[in-house]
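With the hints as a guide, bring both chains together as one complex.
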Amino acid sequence: LAKTTQPISMDSYEGQEVNITCSHNNIATNDYITWYQQFPSQGPRFIIQGYKTKVTNEVASLFIPADRKSSTLSLPRVSLSDTAVYYCLVGLSTLGRLYFGRGTQLTVWP
Amino acid sequence: ETGVTQTPRHLVMGMTNKKSLKCEQHLGHNAMYWYKQSAKKPLELMFVYNFKEQTENNSVPSRFSPECPNSSHLFLHLHTLQPEDSALYLCASSPPDQAQYFGPGTRLTVT
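Protein chains in written order, with the numbering used here: chain F, 1 to 110; chain W, 111 to 221.
Just chain W, with the same shape it has in the complex (with noise of 0.2 Å):
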């Protein structure tokens, strides 16, 4: 347990669903991120949010919609996803430059 924690963390949706990933932290860190992880690729950096603020956009698809209410919590909203989507999608959490502490991930599969 890293107290980074994702859910759901199995999802199957089809490419005209609109469904939202989870992740929370306690640890009192101030940035969070999202990563994708395809089959056999490196992690992708898609998203950062240091203290609430979006910091990076690493050009995601305007179908992945992030939104962090505060520092603790952290969404990805998805809508009309392609096939190709298909992923395992990572959330972190650090403190300020500091190494980051991962969630179990979300297992989403697009139908």
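Next up, chain F with everything else stripped away, as it sits in the complex (with noise of 0.2 Å):
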């Protein structure tokens, strides 16, 4: 099970870029790296998904190393609504290899 490690919190201020970083050093040849944000007493959304390079969508960017043993998740101008918990996750969903983790708690302050 490919477990992760994320920084615990982070704070930033509304328009700035905030990088999420994850380390996955145990990721597998077919795993995928997906980051979800969570709201509290909500389910978790999906943010985006990558498995190497860069990939970017309306609302973030994911940039994968060659060695694929980290992510950086890129919130471009975050504002107030950004504050959530970022989880990062590394696997195969339908065979239960997805470990959540405790994520980043990120606060965006005015």
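Quick caveat, the hints were computed from the structure, so don't treat them as lab data. A few of these clues could be false.
Simulated crosslink set (BS3-like; lysine-lysine; CA at most 30 Å straight-line) [claimed, not checked]: (1) W:LYS132 with W:LYS150; (2) F:LYS52 with F:LYS3; (3) W:LYS162 with W:LYS151; (4) W:LYS132 with W:LYS162; (5) W:LYS162 with F:LYS3; (6) W:LYS162 with W:LYS128; (7) W:LYS146 with F:LYS69; (8) F:LYS69 with W:LYS150; (9) W:LYS150 with W:LYS129; (10) W:LYS146 with W:LYS132; (11) F:LYS69 with F:LYS54; (12) W:LYS151 with F:LYS3; (13) F:LYS69 with W:LYS129; (14) F:LYS3 with W:LYS146; (15) F:LYS52 with F:LYS69; (16) W:LYS151 with W:LYS132; (17) W:LYS128 with W:LYS146; (18) W:LYS150 with F:LYS3; (19) W:LYS146 with W:LYS129; (20) W:LYS128 with W:LYS150.
Because the structure is a prediction, the values reported are computed rather than measured.
The structure is reproduced here in structure tokens:
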């Protein structure tokens, strides 16, 4: 089971770019890297998924180096509503090989 | 809205009660999951169903009994629960080995 390591918390201000890095040293060849956002008492919300290099969508970018032992979620110009817990997951979902960990509490200040 | 619905959203039950949680998705996904999230703890995967077949049971006590009658519906039957079972129960669905889409959860309180 590929476990991940993320910072417990991060602080930022509105309008700044936030980068959250996740370490996953024992990632398997077939594993994907997926990031989720969770607000209190709600289900996690899918943000972005990638396998290697760079992936970008309308809300975030995901950078994955060649060795795939880490990944960085980049949130451009955060707002107060981006305050949430962000989880990095590595694995294959239907095999149950996913570990959420404690995530990173991001707090965005005015 | 993720396309995954859960009912009820809140449930209070006594330790001798029997209740069921329901999850429904019409996203065409073949895999469905139950998770438990206790206060200030990581999400714990409980069960995985792939094409209606249970593929994972993470040592969940038998007082939790899942049922997947078809690829769109997933139930979690509860009986003789303990107060420590109070938590947010989350359902998710996904295409094979793709990102999971979560429902809003059921907040369960066992008294």
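Evaluation of the provided hints:
Restraint check: the Cα-Cα separation between LYS132 (chain W) and LYS150 (chain W) comes to about 24 Å, which is no more than 30 Å; the hinted pair holds. For the hint pairing LYS52 (chain F) with LYS3 (chain F), the CA-to-CA distance comes to about 18 Å; that is within 30 Å, so the pair holds. With a C-alpha separation of about 29 Å, the suggested pair LYS162 (chain W) and LYS151 (chain W) falls inside the 30 Å cut-off, and the hint holds. For the hint linking LYS132 (chain W) to LYS162 (chain W), the alpha-carbon distance of about 15 Å falls within 30 Å, and the restraint holds.
A C-alpha spacing of about 27 Å is found between LYS162 (chain W) and LYS3 (chain F), which places the hinted pair at or below 30 Å, so the restraint holds. Distance restraint check for LYS162 (chain W) and LYS128 (chain W): the Cα-Cα separation of roughly 23 Å lies within the 30 Å cut-off, and the hinted pair is therefore satisfied. In summary, the hint linking LYS146 (chain W) to LYS69 (chain F) is supported, as the alpha carbons are separated by about 28 Å, within the 30 Å threshold. The straight-line distance between the Cα atoms of LYS69 (chain F) and LYS150 (chain W) is roughly 27 Å, inside the 30 Å bound, and the hint therefore holds.
For the suggested pair LYS150 (chain W) and LYS129 (chain W), the alpha carbons sit about 25 Å apart, so the restraint of at most 30 Å is met. This hinted pair checks out: LYS146 (chain W) and LYS132 (chain W) have alpha carbons roughly 14 Å apart, not beyond 30 Å. In summary, the hint linking LYS69 (chain F) to LYS54 (chain F) is supported, as the alpha carbons are separated by about 14 Å, within the 30 Å threshold. This hinted pair checks out: LYS151 (chain W) and LYS3 (chain F) have alpha carbons roughly 15 Å apart, not beyond 30 Å.
Restraint check for LYS69 (chain F) and LYS129 (chain W): the C-alpha separation of about 43 Å exceeds 30 Å, so the hint is violated. This hinted pair checks out: LYS3 (chain F) and LYS146 (chain W) have alpha carbons roughly 18 Å apart, not beyond 30 Å. For the hint pairing LYS52 (chain F) with LYS69 (chain F), the CA-to-CA distance comes to about 10 Å; that is within 30 Å, so the pair holds. Only pairs whose Cα atoms come within 30 Å are accepted, and LYS151 (chain W) paired with LYS132 (chain W) is accepted, the gap being roughly 23 Å.
The hinted pair formed by LYS128 (chain W) and LYS146 (chain W) meets the criterion: a straight-line CA distance of about 18 Å does not exceed 30 Å. Restraint check for LYS150 (chain W) and LYS3 (chain F): satisfied, since their Cα atoms lie roughly 18 Å apart, inside the 30 Å limit. With a CA separation close to 16 Å, the supplied pair LYS146 (chain W) and LYS129 (chain W) stays within the 30 Å bound. With a C-alpha separation of about 26 Å, the suggested pairing of LYS128 (chain W) with LYS150 (chain W) holds against the 30 Å cut-off.
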